[in-house]
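Take a look at the letters that make up each chain.
There are 2 protein chains.
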Amino acid sequence: MNPKITRFLENQALPTPYLVVDVDHVEYRYQQLKTQLPQASIYYAVKANPAMAILERLVSLGSSFDAASWEEVELCLQAGAPAGGISFGNTIKKASAIAQAYQAGVRLFAFDCLEELEKIADQAPNAQVYCRLMVENKGAEWPLSRKFGTTLDNAKTLMLKAKDLGLDPYGLSFHVGSQQTSIHAYEAAIAKTALLFTDLAHAGIDLRMVNLGGGFPIRYQEEVPEIDQFTSTIAQAMTQYFKNNIPHIIIEPGRFLVGEAGTICSEVVLTSQRGIPDGPKWVYLDIGRFGGLAETEGEAIKYQIETPYPEGDMVSAAIAGPTCDGADIMYEKTPYQLPIQLKSGDRVSLHSTGAYVSSYCATKFNGFKPLAEYYI
Amino acid sequence: MNPKITRFLENQALPTPYLVVDVDHVEYRYQQLKTQLPQASIYYAVKANPAMAILERLVSLGSSFDAASWEEVELCLQAGAPAGGISFGNTIKKASAIAQAYQAGVRLFAFDCLEELEKIADQAPNAQVYCRLMVENKGAEWPLSRKFGTTLDNAKTLMLKAKDLGLDPYGLSFHVGSQQTSIHAYEAAIAKTALLFTDLAHAGIDLRMVNLGGGFPIRYQEEVPEIDQFTSTIAQAMTQYFKNNIPHIIIEPGRFLVGEAGTICSEVVLTSQRGIPDGPKWVYLDIGRFGGLAETEGEAIKYQIETPYPEGDMVSAAIAGPTCDGADIMYEKTPYQLPIQLKSGDRVSLHSTGAYVSSYCATKFNGFKPLAEYYI
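Chain order of the listed sequences is A and B. So for the first sequence, full-length UniProt numbering puts the first residue at 1; every next one is plus one. So for the second sequence, full-length UniProt numbering puts the first residue at 1; every next one is plus one.
Any given hint might turn out to be false.
The list treats identical chains as interchangeable, and a pair is accepted whether it falls inside one copy or across any two copies.
Here are the simulated EDC-like pairs of lysine to aspartate or glutamate, each with C-alpha atoms no more than 20 Å apart in a straight line [unchecked claim]:
#1 333 <-> 297
#2 34 <-> 278
#3 333 <-> 115
#4 281 <-> 118
#5 302 <-> 278
These are calculated hints, taken from the structure and not from any lab test. These numbers come from a predicted model, not from an experiment.
Input sequences plus hints: build the corresponding full structure.
What follows is the structure in structure tokens.
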């Protein structure tokens, strides 16, 4: 584990649960990505973790930002980001939010349907717009393909319409799904995008940007491909499909930049087999699905759990949160093995919890306070 | 709809989304339950909605309270509840939380395993304890049976042990699952409980209380049986299985008391078919699974949605929240029909949202503020 975080966790006086994030590690990941894919502009997906310490660090590195709401646009501005470096990437926006962002100087907006395009034309005249395509999400542990994106045919119609509405038809985007573990996921999507670039060029519209979305995976329980495998596949596909006319590339990493930078410190509230012969050892932590670990829904994201007992006998465990809610079970089918001695009062660490955790936390479910956060 | 709520919703100046709760309706439900099952003590399940206005009204009516955490115990005390009228009903408690509740005067604690019983014995000497049994949750739309409760055999061992540990082995509890629509759900559980009462009496332990948990359903899309059907089935089963030796009865309604008292006012952010032939009309609201509607997970709870267009053509709709999260879809499989004219900017009402909504809301996911709440 990260030595800065290890030292921080040694302070046993801090009440659990809490999240500690090493902001230097966020910088390390940012630089790594910048080095591997220098031709791309990095727009950090603020929703992954909107902590001011992270935003400020990324501003200092020259990052741009992908905002999901007017409130996230505001946060970026507060952190010192120039409005020109903010993309309003949610395809679902209130007219008032578009207007607020536009008045603050934001000029780049996503959409995936005519209704949204018309709202942007009304509220953000002359803005740059990009249309989100529906693409395959196979290989992603947290898919995004049902709710967002449109067909190639419709996207073509919409980009032509964008011009008619006085907007700047700037580019196309897609998202291969979050925690995407297949390095080939981007290729087909890039091919599809290139096809539409050509098609629209014939119709008199010269697009200039491809937004590859996010999706780069991080290490939870399982090893994942290194980032250079993704970036080289992407660079090759861009050259293959766009030839010597490669457009401006935007990427929107969230999980990849901040996930591995964070660790949650949690206390075991109770362990018991509850008198059920052949049942698992139930381990109830003081954080659960409603305290931030929302991505354990359907046991999708499998966090690595470190206990004070690295040696010794292990038993099959079911792992649940501290609330009275029957749905507050993180892992029951996933084969977790935990130490037989693990007991009430022990502290455990949940690794790679820097992204998509703190902001999901419920305000007060079962009376529990929101997750405490420390940025070091 | 409730006329008080209707009048409140007419104020179009309030920003959405918000929840409005008619506290008089909570009182109405409390009195109804009290009348139908006068032999039972009502312990309101605070987690359903911990708003001070609700707690204070229930205190004024003489209600007792079921708390899930030390923080919920504190809330009840702040609302004026006597400590003797509070049950610490979560079977998963930190030792420190037990100690805090005990010091504040709470004397009634739930458990379902030896490890928890020992914590209670250490932190709350002489307290009354009750053991939660595992029972069938068939018929419940929000089941609770995997995470909580123990076997009859183990419960017997534990109640004997409770006495050895200097605790008062007071009773037994179970939970037939939340939003339980079968009026027969309680019978088998009561029979099981009575069996253990007899068994323990032979072993020299006279239990004096049965906690029937919650579970009474409310009306969402579908009609549910009236409360008197549940209470009369319960009363009959208690007489049948306990004969002339009926113990003190505790019930823990949450949803039943506050669910129908609440309505959410939400704005349609976007509607679109996204160019997908034969696809549903996608309706994106400004509240979703992470803004409070957590019980739509797996499309379990199906809220009734009222639009400004009661007449006219309807189309199949998929209904989603406003975030960039692909999991933020409320209904895709459930056959919702919504008006063809429904569009961005329209206000809709989601009924029966007084329980298990506001407290589930995320602190800041995608930058959105927590749900505003009004108690009238």
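### Task
Starting from the hint list further up, note which numbers the structure goes against and sort them upward.
Numbers 2, 3, 5, in rising order.
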